[in-house]
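Construct the entire structure; sequences and hints are all you get.
Protein sequence lines, in the order shown, are assigned to chains C and E. Per my numbering, residue 7 is the first one in the first sequence, and the count goes up by one each step. Per my numbering, residue 1366 is the first one in the second sequence, and the count goes up by one each step.
Think of the hints as simulated: they come from the structure by calculation, not from any bench. Keep in mind that the hints are not guaranteed to be accurate.
[Unchecked claim] Pairs of lysine to aspartate or glutamate residues, derived as DMTMM-like cross-links and limited to a Cα-Cα distance of at most 25 angstroms, are as follows:
hint, chain 1, residue 1, chain 2, residue 2
1, C, K74, C, D61
2, C, K74, E, E1469
3, C, K78, E, E1469
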Amino acid sequence: QQQVRQSPQSLTVWEGGTTVLTCSYEDSTFNYFPWYQQFPGEGPALLISILSVSDKKEDGRFTTFFNKREKKLSLHIIDSQPGDSATYFCAASPGNYKYVFGAGTRLKVIA
Amino acid sequence: GPKVLQIPSHQIIDMGQMVTLNCDPVSNHLYFYWYKQILGQQMEFLVNFYNGKVMEKSKLFKDQFSVERPDGSYFTLKIQPTALEDSAVYFCASSLAPGGVSYEQYFGPGTRLTVL
Chain C
7 QQQVRQSPQS LTVWEGGTTV LTCSYEDSTF NYFPWYQQFP GEGPALLISI
57 LSVSDKKEDG RFTTFFNKRE KKLSLHIIDS QPGDSATYFC AASPGNYKYV
107 FGAGTRLKVI A
Chain E
1366 GPKVLQIPSH QIIDMGQMVT LNCDPVSNHL YFYWYKQILG QQMEFLVNFY
1416 NGKVMEKSKL FKDQFSVERP DGSYFTLKIQ PTALEDSAVY FCASSLAPGG
1466 VSYEQYFGPG TRLTVL
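Structure, rendered in structure tokens:
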């Protein structure tokens, strides 16, 4: 079934620490997994994405890992900054016209 | 980067009235989407639209919902009549090609709809 589970619901980390967010899914047809970052009052913006043929993608301080066998993915933010405080959504797509979103993780980075 | 605009940011209406949510997508994009987010829950796909036609819709896209983009103007979501359960934030998105493997969906800031 088309469902994406995201955890934790909220998270507080100290500046400089590492943030880890996770998602899991059931539908084997999902092959594209974007992570979106959303600040209050704004729409979600693409942060990083990964295809199911890869197991890791890195972009600066942000890395996403994908485990096809376990149907899990994660987002790691190293050297977390107060400016990273936002809500993060994972999503999944079978490569067609729509995304299935997780419920989001509200991240707060404390200086 | 490319921006998707949504008008209005907040709309309050009485149950049974009609409401139109407006979306100004990225100028050269061809695919358009609406998502619905009830407070505290995940964003859920409603519908996508291409070349004047609905490509796919979810079970949340009730008969009271309709979408159109007349002559390249706003991409609109119309709800007629509205129901209490329609209260949510509605996000519009657009993409150059089918959102998925290669083409990012760009999202607007959302319209918060409150049905009284």
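- Query: Looking back at the numbered hints, which does the structure fail to meet, lowest number first?
  - Reply: none
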